[in-house]
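Student: Now for the letters of each chain:
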Amino acid sequence: MTVHFKQDKPDESNRLDDMRQGVIGKALPRVEGLAKVTGTATYAAEYSIDNCAEGVLVTSTITRGEVTSIDRDAALAMPGVIAVIDDPRLTTRAAQGTADEAPQQKPKTVCYWGQPIALVVAETFEQARDATKHLAIEYRVEEGAPLDPNTVEPEEQEDETVHQGDLAHAMSEATHSVDVTYTTRGHASAAMEPHAAIAQWDGDKLTVYASLQMLNYNISELADALDMEEGDIRLVSRFVGGGFGSKLGISEEAVAASIAAKELGRPVRVVMSRQQVFQCIMRRSETTQRLRLCTDANGTLTGFGHEALVSNLPGEEFAEPVLQSSHFLYGGENRELMLKVARIHRMTAGSVRAPGEAVGMPALEAAMDVLAEEVGIDPVELRLKNIPEKNPEEGLPFSSHKLAECLRQGAEAFGWDRGPRKPRQTREGEWWVGTGMASAARVHNVSEAKARVTLKPDGTALVETDMTDIGTGTYTILSQIAGEMLGLSPDRVLVDLGDTRHPRGPGSGGSWGAASIGSAVYVACQAIREELASRLDVEEAELDLSDGKAGSGESIVDLLDGKDLAREGYYEPGDIADDYTASGFGAFFAQVRVNRFTGEARVDRMLGAFGFGRVLNHKTARSQCLGGITWSIGVALTEALEFDPRDGHLVNPDLAEYHVPVHRDVPDLDVIMVEERDPAASPIQAKGIGELGMCGGAAAIANAIYNASGARVFDFPMTPDRVLAAMPD
Amino acid sequence: MRPFSYTRARTLTDASQTVSDDRAMAIAGGTNLLDLMKLQVETPSQLADINRVGFAEIEDTDDGGLSIGALATNTETAVHPRVRADYPVLSRAILAGATQQLRNKATNGGNLCQRTRCYYFTNIDQPCNKREPGSGCGAIDGIAKLHAILGTSDQCIATYPGDMAVALSALDAQVQIATSDGGSRTVPVRDFHCLPGDTPWRENVLEPGEIITAITLPAPVGGTQLYRKVRERSSYAFALVSVAAIVELEDGRFSRADLAFGGVAHKPWHDPRVADALIGKAPSPELFDRAADILLEDAQGFGENDFKIPLARRTLHAVLEQAVEEAS
Ligand SMILES: Cc1cc2nc3c(=O)[nH]c(=O)nc-3n(C[C@H](O)[C@H](O)[C@H](O)COP(=O)(O)OP(=O)(O)OC[C@H]3O[C@@H](n4cnc5c(N)ncnc54)[C@H](O)[C@@H]3O)c2cc1C
Ligand code: SF4
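Each protein sequence line maps, in turn, to chains X and V. Numbered by our numbering, the letters in the first sequence go through residues 1 to 729 in order. Numbered by our numbering, the letters in the second sequence go through residues 1 to 328 in order.
Looking at chain X on its own, in the form it has when it is part of the complex (with noise of 0.2 Å):
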C-alpha cells in the first residue's frame, strides 16, 4: 500500500521531536563502517562472478573529427582478446545529472580529446589494456575546435539573467563601490573509487552492478542508451566510494559493459583508469566573475552586481549555476545578474559538489571583504548588515534562515576581533598570520522520493529504496528515522539500499538525499503507526512507541498477528517550492599563514557555523561539514584541472598532480551546527548538509591571505606564484 504525501504548506508540528525513542540526531556511528574497513563491503568492481571479461575503454587522440577506420586486426591476433566494441549505442559522455535519458552516443563522432570510441574486451584487464594501444586508428580531423573559453563568443542563459533597476547608475551614485573580476579553475570530483560497472545478462533481462550516484534516474538513462525497456534492467549500487557528482549519470563505462556482455554472451566488468576518470566523466566549468556592488555610506547594499562566464561542450544544457545563492543572499534593489556559457571542445562540463555555489560564492564572498575594506567595515559587520528580509529578486519570504546567528556564533566561537583591520599586522618568524571570513549558503533542494517500510513480526524493521549512500551516511539516518518513528532502537533496523528492484528513491546529488528520502521513509512509518494505533484503537498522536513497546505496555511484535505490516511511503516536494525561498546558510572563520618569502598559504585553523535543518545524525552531518570544508581549502590553495592550450586534453589527470589538500593541508576544524527546524524544507524539517560545507569557505581563505599579507589575489586556486605576484615587497 502506497501512502503519497505532497508538501504544500509548511509543517510546524515538528512530530520527530515527538517521539520517544530519542535516536534522531544522535551521533551513531556509520552502520556500514566497519564492513568498509575491514574491506567487506562489495564495490561494483569487486563483485565475484563466474567467466567475467575484462573491457578497458579505448579514448581519442584528436579533439574534433570522426573516426575514420579502427583497423582491429593487430590487437584481435593478440592473446586473450575477444572483441573490439564500437557499437553505435556506445556513449561518448557521462550523462548530466538527472537526465534522465541516454547522454551522446555515436561514438565515432568525437567532440574532446580523450573521449571513449570503442571498447577492447579481452580474458584479462591487462590483456585488454594492452590491446587497446594496438588499434590502428584513422581519423578525420575537424581543426580549429575552440578550447579557450574567452576566444568564443559566449551564449546567454537568459532564465539567470537579472536585471533590476539600474545598476551602472547606482554604482556612480554610491558612496562605496567594488568592481572586481575573479576567476577559478576547473575542478574534478576526485573520488576515491573509479567508475566501474560489471554486465550481466539472462536471457533479456540485464543486471549491473555500478557505481552510481542515482539508480532512480540511471535507469532510464541505461534504457534509453539501450533501447531497453526499464523493467528489463536492474542496477545495483550498494557502496560507492566517493561520488561528488561524477556519478549522478549513467557512465561509458556502464553503457559499455552492458552492450559488450550481450555480444559476447558472458559478464563483462569494464573499470576505468584514473586518467580516464578525470578525462573523460565531468568537470566544474573554470569561471571568469566580474561582481559589482556598492553601498551607501553605512554600507546597506544599494547595487548588487554578479555576472559569470562557464563554459560547456557544444550541445550541453548544463551551465554551472555560479549565481544559484547570489540571487538572494544579499539585498541591493538594483540588481543586475548574468550567466552565459562558451562553447569549447574540454571535456563534459556538469556537477561536482555544490555546483554553481562552489565557485560563485568564493568569488562574491571575497568581493564582500574587498568591500568591508573600502567601507571601512568589520566584514562580519557589513553581512549582517545587508541580509535581506526576504528574497530581493522574487520577493518571496525565506523558509527560514541562520545567516545571522551562524555569522554570530562563529565569530564568537572563533575568536573574531571585530577591531579594524589592517594587512601585515601578525608575523611569526617568516610567516605573516591573519584571519578572514565569508558566509556560506546553499539552495535548498528537495525531490519526490519512494520508499517501503516493513515492520516485521520477528520485532524489526526493513526499510527498502533504491536511493544510495554515497558515503555520506545514508543508511544511518534512515536507521535512525524508522527507529524513531517506530519506536525501535536502530539497530533493529535493516536499511536495503542501491537496488532498482526496490522503490525509486531521489538518488544522492544536489544534497537532497536526506530531507527527501528521510521524508519517504517517515511517511511511510507514519502509516504504519496510523495502522498500528487503530490496532490498539488509540489516536495515533498518542501512540508512544519505544523499545518495541507501546506506551500502554502492548509489544509491537503482538499486533503484528505474526505478519509483516509495510507500507511504501511516497514523498512529493509539492507546491511549497513556489512559496518560499529555502537555502542553507552559515559562516566561515580561518586563520592563514602566508610565507613573506615563498608565497605559499597554509590553513592554520578554520571553523564552519551553519544552519540546515533538522540534523538527524550530528557525526554524518559534522564529517559533511569537515569533508566540505576540505574542499573549501582545496578551491582556495590547490586545486586546478589544466588543459593543454593547443589541443584541450587534461594535463594533470591523477592525484599526484590534481592536488586534492592532504592531511598536512588540513588543520582542526570546528564545525558549529545551528538548531534549526526549516517547516517548509521537508516534512522532517531538515534541510541539504553535504554541500553547504564547501560554498564560500575558499573566500574565507582568500581574504585572509590579504589579512595576513596584503596580497589580494583575484584567482583561485591561490598558488605560491599568485600570491607572489600580488604580495606587496
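Since the hints were made in silico from the structure, they are not lab data. Where a beta carbon is used, it is the ideal one built from N, C-alpha and C, also for glycine. It is possible that part of the hints are untrue.
Short derived list, chain X residues pointing at chain V, Cβ under 8 Å [claimed, not checked]:
{"#": "1", "residue": "61"}
{"#": "2", "residue": "642"}
{"#": "3", "residue": "662"}
{"#": "4", "residue": "719"}
Chain X is already provided as a structure; the job is to place chain V with the ligands on it using the hints.
Tutor: Frame of chain X; chain V with the ligands shown alone:
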C-alpha cells in the same frame, strides 16, 4: 602495460647481465617504474628484480663518511641515526619527498633514477622528445608550470623532480656503480644527471648493464644544514623550487655555502660560483641578491613557469636568512 618477463636476480652479476640487454630494466621499489609501465611510457620486455642482491646496508666508511646502500629504502635512510646526526640535510630532503608509504617502498638507487614528471612525458598520446626522440616537445608551448628555468634545450625543458639528490649534490656525495664487466666506477652526484641538450632521453650517465650499488657521503661536514621545498600543497607534491643548504659562518662571514637547487633544471643544480660569491662575506640581503643574480644569470622561463625565477631568488633568501639565524 606490455607483457614482460620477470626474473629475480640473486646476485649483482645476474642483475647486471640481465639489464645489459637494452630492453631489460632493473626494478627496485617499483614506485616509479610500475606507474610508467602501466602508462606504457616504459616498455621493458624484461624486469630484473634487484631487491635480493644485497646493497641495502648503511655503513660507516673508512674515512669517517657513510655508505648508503642503493637498495636501502628512503625511509631507512632518512631515519638512520648517523644520517640524522651528521647529514640532516639528507634526512630532511628525503622526508620532504612523496609520502610515508612511497618512501617505505622507494629505494635510494631508484630515487636517483626516477624519471621526470613532465605531463607530456607521461602521456603517450602526446609528443615528447624524451620518450620518443624526434616527436617534438609538448611542454615548450604547452603547460610548463613544473618545468626548468636553467640548463634547458630546445629539445626538452623537463626537470629532475627528486628531492634526495638535491641534498646529495649539496653534500657532494658519490654514486657507486657496478659496471657490466664486473668492475665498478664512481661518479659524483653532481655529474650523475645530465642536461637535456640534444639527447633528452638520456637522464643520467648509467650505461647499459650498470647498476648503482651505493651512495657514499663524505666525512661529516658540519654546518647548518637545511632543506627548503616550496610546493603547492604541504605534502605529496613535487618541488616548485627547492634548496639544499650547508652553511657555516666564521667571525660573522660565510666560511661554507654549499647550495644545490631542485625543481629548476634537468638535474639538481649546483653552481660553484654561488658559493664563491658568498664565502668570506658577511650576510646581507644585498649579498643574497648578488648570489641569486649569479645563480639566475642564464635563467629562462617558458611563460607558465616564469614565476620560478623570482621564487628561486626568494627561496634562496629565505634559506640563507634561516641558516644565518640558526648558525649564530
Ligand atoms: C605520487 C608520487 C609522488 C612522489 N613525490 C616525490 C617527491 O616529492 N620527491 C621525490 O624525490 N620523489 C617523489 N616520488 C618519487 C619516488 O621517490 C620514486 O618513485 C622512488 O624513489 C623510486 O624508487 P624505487 O625503488 O621505487 O624505483 P623503481 O621504480 O624500482 O625504479 C625507478 C628507476 O630506477 C631504476 N633503478 C632502480 N634501482 C636501480 C639501481 N640500483 N641501479 C640502477 N638503476 C636502478 C629502475 O630501472 C627504474 O628505471 C614520488 C613518487 C610518486 C609515485
Ligand atoms: S619537456 Fe622534455 S619530457 Fe617534457 S615533453 Fe618536452 S621533451 Fe618531453
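Student: Output the numbers, in ascending order, of every earlier hint that fails for this structure.
Tutor: none
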